[in-house]
Amino acid sequence: EIKPGRHYSDDYDFKKPRADLTHLRRDPPGHAHDGHEIYEWPGGYTQLSDGEDYIRVRLKESLTGQSRVRGQSCHRALATGYTFSLYNYPRGDQNQQYLITGLSYHLKENPRVSAVAPGAKGSAAEDGSFQRYELQAQPTSLAYTPARTTPKPRTTGPQTAVVVGPAGEEIWTDEYGRIKVQFHWDRLGGMNENSSCWIRVATNWAGPGFGAISIPRIGHEVVVDFLNGDPDYPLVTGCVYNAANMPPWALPANATQSGIKTRSSKGGAAGAGMKNGPGDANAIRFEDKAGQEQLWLHAQKDQLTEVENDEDKWVGNDRRKTVDRDETNVIHRDRTETVDRDETITVHNNRTERVDHNEKVSIGDNRNEDVGIDENISIGKNRSKTIGKTETDKIGQNWHVTVGLLKTQTIGMAYMQNVGVMKMMNIGVNYMENIGVAMQTTVGMSQNLTVGQERQVKVGSKQSTEVGSQYSLTVGGGGAGGGAGGGAGGGMAMNITAPGGGGGSGGGGGGKASQLTMDGQSIQLNAAKIRLEAQQEILLTCGESTIRITPGDIQILSPTDRLNC
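For reference, each letter of the sequence shown is one residue, going 1 to 565 in full-length UniProt numbering.
These aren't lab readings, by the way, just hints derived from the structure by calculation. Do not rely on the hints blindly, as some may be mistaken.
[As the list claims (entries may be wrong)] Calculated lysine-lysine pairs in the DSSO-like style (CA-CA distance at most 30 Å, straight line):
(1) Lys381 x Lys394
(2) Lys407 x Lys266
(3) Lys321 x Lys301
(4) Lys512 x Lys462
(5) Lys266 x Lys313
(6) Lys313 x Lys301
(7) Lys16 x Lys60
(8) Lys60 x Lys108
(9) Lys423 x Lys389
(10) Lys423 x Lys407
(11) Lys394 x Lys407
(12) Lys301 x Lys275
(13) Lys385 x Lys407
(14) Lys261 x Lys313
(15) Lys289 x Lys266
(16) Lys360 x Lys313
(17) Lys266 x Lys301
(18) Lys261 x Lys321
(19) Lys301 x Lys289
(20) Lys385 x Lys360
(21) Lys360 x Lys381
(22) Lys275 x Lys261
[What the hints assert, rightly or not] Pairwise CB distance ranges, derived in the manner of DEER restraints:
(23) Val323 x Tyr241: 34 to 42 Å
(24) Val323 x Leu48: 32 to 40 Å
(25) Thr338 x Leu235: 53 to 61 Å
(26) Arg76 x Thr156: 43 to 51 Å
(27) Asp230 x Ile331: 28 to 36 Å
(28) Thr328 x Thr392: 36 to 44 Å
Backbone N, C-alpha and C define an ideal beta-carbon position, used for all residues, glycine too.
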């Protein structure tokens with residue numbers, strides 16, 4: 001019989017998915033077609049050394065029967081596994097020892113003569129019995145390996161089972177996500193981690209460190225299939241609901257809802273898992289009912305969202321966000337926010353805003369700022385404020401302005417201050433006022449002017465002073481007198497000088513100045529001309545001497561009168 005001289009086998013081990021488990025063994029029997037190959041998958045092994053042993057035996061199995069003979073005999077001692085030697089056969093190469101590999105028995109008791117064909121090979125006993133043996137054999141010089149004639153049990157389709165594990169656990173798995181199950185027909189299993197081997201769980205995506213995973217939990221009903229129908233290779237292909245494990249959303253009322261809902265472990269409470277409701281779960285749900293479409297996302301505790309490049313969000317109508325405690329936003333570059341209509345921000349406690357460099361606020365129309373108690377503004381260097389038309393400051397009580405060096409005010413036309421009661425101005429060194437045209441000061445009641453040392457008043461043309469009732473001028477520590485009074489007692493002098501060179505009231509010509517000097521002891525009046533004019537009376541008094549001049553006469557009263565002496 002023509003037999004191939006090559007046997008090739010391979011298999012797969014999910015624990016070593018890239019391992020090379022191939023084996024090729026050659027033993028050519030020496031005919032023209034001995035280069036043909038038998039390829040066997042799966043090889044039934046996961047260890048390379050086991051595969052070497054298997055392929056050696058299976059090559060011998062495939063070569064068994066390459067030289068096979070058939071024969072008939074009536075020798076009763078023949079049996080499978082026995083050997084016999086052939087002698088005196090016409091072909092000398094066939095005269096050798098053989099191993100009986102198969103034997104058929106043909107036995108008949110008391111057959112009718114017609115039942116035995118004339119000339120049939122066999123042994124006919126005197127009692128009429130008939131015996132014949134048909135055998136198959138091969139030379140004992142060739143190895144004999146029995147064929148694998150016993151079929152391995154095969155499953156007829158998928159089954160369901162219950163996920164099991166140790167008492168007190170809710171999830172029982174290993175590093176590959178495998179689980180343990182107990183089949184419904186298993187009468188001996190203890191519904192624990194010893195009820196089955198570890199069984200792999202199929203998922204819709206499985207990559208190196210990425211994919212999808214959802215481990216069936218203890219008590220779930222799962223669908224178990226078998227790779228190639230081999231009961232030694234079970235595989236969980238899915239989960240099914242039952243009366244004990246109902247869908248997360250009531251059916252058929254919520255037939256338009258789909259999604260994923262988990263359960264907190266260990267000890268997660270059952271329930272819908274909605275906000276402030278019963279149930280401990282993470283969930284994502286899609287509602288596809290027309291007009292009520294919704295995507296619901298629920299995180300039982302924390303939610304972490306990571307976007308490594310751009311994120312775009314579009315909301316067609318309204319958006320609401322509620323944070324029961326704190327919120328922190330960190331933006332490492334720029335931020336742009338556009339509000340097409342109104343924006344309202346309410347801070348019930350404190351607010352701190354910091355801009356490390358520049359800030360620009362542009363308001364198209366009006367701005368109102370309401371501070372309930374205090375406001376502090378601190379500017380490190382300069383501040384510029386430009387108001388296109390009018391500015392009104394209203395301060396309920398006090399206003400304090402402190403300028404470290406200089407303050408400059410430029411007013412294009414008019415400047416007016418209304419002070420209800422009192423205005424006080426303290427200047428540490430100098431005070432200067434430059435008025436281009438006119439200055440008018442109106443004081444409703446009293447005005448006091450105090451100069452610590454010197455005061456100079458320079459009027460370019462004319463100066464006029466009008467006093468409604470009384471005018472008092474005091475130099476040094478003396479008393480006061482009407483008009484240009486002086487007083488008794490020592491003090492500093494007071495000089496009033498009108499430069500010469502022009503006419504005027506109280507002044508003379510010829511370039512000599514007019515001067516009035518008062519020093520507390522005397523009054524000296526020097527001028528080119530002196531003119532005293534009174535409508536009713538001029539009275540000059542010195543001690544006991546008096547000169548009275550009236551429109552009608554001149555009276556000189558003195559203890560001693562001397563005229564022209």
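Are any of the numbered hints broken by this structure? If so, which, sorted upward?
Failing hints, ascending: 2, 5, 8, 15, 24 and 27.
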